[in-house]
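Please build the complete structure, drawing on both the sequences and the hints.
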Amino acid sequence: MTTSTLLSSDVVERVLDEALSRGGQFAELFCEDRQTMTSSLDQRRIEEMGSGRDRGAGVRVVVGETTGFAHTADMSEAGLLAAARAAAAVAREGGARTRSVDLDALREHEARAQILPGSTDKAKKVELLLHADDVARSQGGAISQVMVGLGESSRRILVANSEGTFVSDHQVRTRFNIQCVAVGDAGMQTGYEPIAGTVGMELLSLDRVSDAAQKAAQQALTKLNAVPAPSGDLPVVLAGGSGGILFHEACGHGLEADAILKEASVYAGQVGELVASPLVTLVDDGTVSGEWGYLAVDDEGRASGRNVLIENGVLTDYMWDYLRARKQGRASSGNGRRQSYQHLPMVRMTNTYLLAGSESADEIIAQTPRGVYVAQLGGGQVNTATGDFVFGMTSAFMIEDGKITTPLRDCNLIGNGPDVLKRVDAVATDFSMTPGTCGKDGQQVPVGTGQATMRLTGVTIGGTAA
Amino acid sequence: MSELLQKALGIVERAQGNEQIEVFVATGTDTDIRAYRGEIEDLTTASSAGVSVRILVDGESGAQVGSAWAGALDEESITHVVNEARDNLRFASYDEFMAFARPDGVAPASLNLVDAGVASTAIDDKIAMAIELERIVRSGDARIRQVDSASYSDYIAAAAIASTQGIAVLSEQTGAYLSVEAIASDDSGDQTGWGLSVGRAPRDLNVQQAADDAIRRATRMLGAVKPASMKGVAVFDPRTASSLLAIIGSALSGSSVTRGRSFFADRVGEQVAAPMFTLIDDPTDPRHFSASVYDGEGLACRRNVLIENGRLRGFVYDTESARRAGTASTGSASRGGLAGSPSASCRALMLSAGEKNQAEILAAVGEGIFVESLTGIHSGVNPVSGDFSVGVTGLMIRNGQLAEPIREVTVASTLQRMLLDILYVGNDVEFLPGSAAGQSIAIDGISLSGA
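So the sequence lines, in the order shown, correspond to chains G and C. Count the first sequence with our numbering and you get residues 1 to 466, in order. Count the second sequence with our numbering and you get residues 1 to 451, in order.
Don't read these hints as lab results, they were simulated from the structure. In this text, all values refer to a predicted model and were calculated from it rather than measured experimentally. Take the hints with a grain of salt, since some may be wrong.
Just a few of them, taken from the derived set where beta-carbon distance is under 7 angstroms, the chain G residues facing chain C [as the list claims (entries may be wrong)]:
(1) Gly50
(2) Ser76
(3) Ile115
(4) Gln189
(5) Ala385
(6) Asn416
(7) Gly442
Going by beta-carbon spacing under 8 angstroms, a handful of chain C positions derived as facing chain G [said to hold, decoys possible]:
(8) Thr79
(9) Glu84
(10) Ser343
(11) Ser352
(12) Lys356
(13) Asn357
(14) Gln358
Think of the CB as a built atom: it goes at the ideal place given N, C-alpha and C, for glycine as much as any other residue.
Dropping the structure here:
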């Protein structure tokens with residue numbers, strides 16, 4: 001069953017007509033049918049397999065500066081019309097009028113997945129989870145707990161609006177994550193490794209799963225010997241991959257047009273200005289096929305794009321959704337996303353990455369007399385209005401005399417976006433991406449971050465060692 | 001009997017052969033209004049419904065369980081969910097501790113968590129509150145440059161849980177919130193502050209209080225600097241203390257403890273915190289906005305003393321983790337939504353009040369930092385190892401008084417150390433959204449990383 005067969009174009013047109021009937025200037029119908037399948041292993045047991053389905057529609061009506069929104073799980077024409085009326089109620093002075101919406105021909109997009117969710121034998125998934133557990137435990141007797149999760153999701157969306165947009169997409173995502181606990185004399189430590197992509201179960205080869213299990217276990221085991229992280233300013237080398245979270249937090253959120261238009265970002269009014277080291281060229285790119293933040297179209301039906309945000313240190317543009325772009329009389333950049341049909345779209349990142357540089361990662365480390373090497377970052381948070389942000393290191397080591405030495409216990413690093421961006425003084429060639437989940441105003445969406453090994457001349461390390 | 005509970009019992013009847021079924025059905029309506037520049041920025045009205053089913057079959061070496069859920073309550077969805085749960089269970093491992101809850105004789109608390117005011121208040125009056133909130137903040141202080149978001153939200157929620165094991169309960173509640181984020185500005189730059197007001201209905205909300213809170217927090221941060229690194233005392237305000245208690249609470253979950261993922265495991269009876277620290281989880285106390293008559297498995301919620309005078313007394317359990325620990329459920333099963341199984345978690349934590357108010361604590365502490373906001377809790381706190389490092393904003397404490405504002409700093413210790421290093425617990429209890437009430441807490445031995 002495809003989304004387009006769920007609703008015929010004449011039903012969609014009638015719903016949009018109803019949504020505009022009180023004077024709305026713009027109306028949109030967003031339909032979603034999402035199926036998820038999860039399996040989890042804990043304490044050597046398949047704890048549970050679960051399946052879920054969420055299906056419904058959201059109707060949005062824009063009048064002037066005001067948006068009315070209603071959503072429903074009732075996908076009958078009557079249910080959709082009721083949602084359209086509820087959303088339209090916000091148009092208070094519009095009065096009754098008739099406007100007929102003409103939709104374009106439906107543009108359909110197919111999932112870029114070989115093995116679709118639900119088509120893998122459940123017994124096969126059980127094998128994969130048990131295999132991960134075996135590999136992790138074989139890394140050392142100190143591994144006391146292994147938790148493995150596997151999720152597949154199939155999300156079909158249909159977007160139609162009063163400007164004629166009529167688009168469908170099928171998004172298939174697969175995610176695997178493993179967490180290990182190791183027990184030592186000084187207590188417990190954890191290791192974590194995710195694998196995720198906008199593809200089907202072909203993502204999870206036995207080799208790739210083994211590799212992740214090994215990494216997670218080794219991370220926990222290594223941290224058993226970790227010492228408290230330093231407290232204070234030090235040079236930091238971020239390993240390729242998860243270090244991209246730095247840019248996601250340090251400037252990504254501040255370059256989202258909703259924060260810009262409300263002047264709630266330190267980057268408002270800075271286009272054309274030098275905001276970062278000339279080594280920084282930052283791109284948000286929804287078109288990277290297979291990556292966790294890949295989109296054929298965004299949740300407003302707009303084709304995703306490759307948008308250069310900072311080029312050689314100069315701020316070139318922000319990220320835009322329909323509403324914010326409309327206010328500025330420009331086109332959306334394909335960054336309008338929402339967690340589900342129950343949420344309003346807003347400006348969100350897709351895959352945000354720093355272009356690779358020309359140095360060797362080993363050289364960068366060798367040329368750092370004393371600092372911190374961060375092998376894995378675990379997440380972060382930013383206040384876009386002040387630019388202050390934190391990001392947490394979940395695997396880190398001291399660098400002494402140009403060599404990676406003692407492992408460090410988990411802690412946050414803290415900095416100010418515009419300040420830290422200027423402190424990038426070396427970027428290597430070993431580019432890679434990491435999947436993550438980005439939360440904003442209570443909505444979670446999948447995003448990718450990426451970068452090559454790079455160095456910051458100084459960041460505040462939030463540890464306890466003097 | 002309510003229609004919703006009847007619906008749940010109807011699904012329970014679909015059990016076949018030796019199957020046990022547990023059914024959770026929920027409905028809700030929500031209103032969200034955001035005001036911007038004197039107008040409605042967006043207004044969301046919605047109703048939702050969903051079902052979550054677990055099916056369990058007992059075997060010789062334990063039970064297998066499977067689950068499925070749907071964000072709908074129509075016949076087709078229900079049939080699909082039951083079939084999927086049945087299919088999923090075949091692949092689960094046998095687990096001798098897996099079981100559904102059975103009625104345990106604990107009487108449900110008599111709580112009224114529903115206020116008809118949510119349904120009876122006209123939408124125009126709710127809109128007016130959001131617009132008024134934004135207006136008061138904008139006009140409340142010349143240094144307020146922007147109001148990023150000013151919102152009114154409310155909900156009416158109902159849930160029924162029924163099972164083949166004799167569970168059949170219905171819970172209902174309402175809630176209303178005001179929340180506002182202000183940006184203050186002067187020559188030194190921008191600072192933010194947010195305020196909130198929470199209740200069961202619009203009439204409980206205090207627009208002025210939410211506005212004042214946001215204005216005060218934003219304006220008093222103006223001119224904040226990055227202080228020098230130091231080690232000393234941190235006083236957490238009630239809001240940040242509530243976040244701290246919620247983290248402590250997650251390590252007191254029987255689900256974490258029995259899976260070897262809590263630093264409290266095997267420490268019952270030990271002195272884990274300073275002697276004035278008594279932590280109780282009591283969802284039957286109606287002052288908590290998270291109060292509840294029943295837990296996520298349909299057992300009566302009850303008062304559980306977790307840490308008493310610094311000594312670890314026990315954990316909160318759901319049925320499965322309790323069996324694993326060789327004890328009984330404490331009525332603490334909690335569901336994160338429709339998906340998956342319940343797990344044990346604290347719902348309504350509160351510390352026994354100390355003797356000092358906030359000003360008296362500051363005076364007693366003399367020198368240190370006062371913490372008003374935390375960032376990076378999910379990235380910098382590890383409830384398994386206890387490592388703790390978070391970004392903060394707040395004010396220096398000098399000569400027992402609040403002094404200059406500080407930003408871009410972290411505070412760090414370990415959760416284990418922090419509990420033992422508590423100096424004072426305040427008497428200024430504030431009931432807040434989330435799983436813990438808050439009150440001022442002073443903790444020694446904190447590393448502050450700054451310039």
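Hints, verified against the model:
no., hint, verdict
1, Gly50, "4 angstroms, holds"
2, Ser76, "10 angstroms, violated"
3, Ile115, "18 angstroms, violated"
4, Gln189, "5 angstroms, holds"
5, Ala385, "5 angstroms, holds"
6, Asn416, "6 angstroms, holds"
7, Gly442, "10 angstroms, violated"
8, Thr79, "12 angstroms, violated"
9, Glu84, "4 angstroms, holds"
10, Ser343, "10 angstroms, violated"
11, Ser352, "28 angstroms, violated"
12, Lys356, "27 angstroms, violated"
13, Asn357, "29 angstroms, violated"
14, Gln358, "24 angstroms, violated"
Hint check: violations occur at hints 2, 3, 7, 8, 10, 11, 12, 13 and 14; the rest are consistent with the structure.
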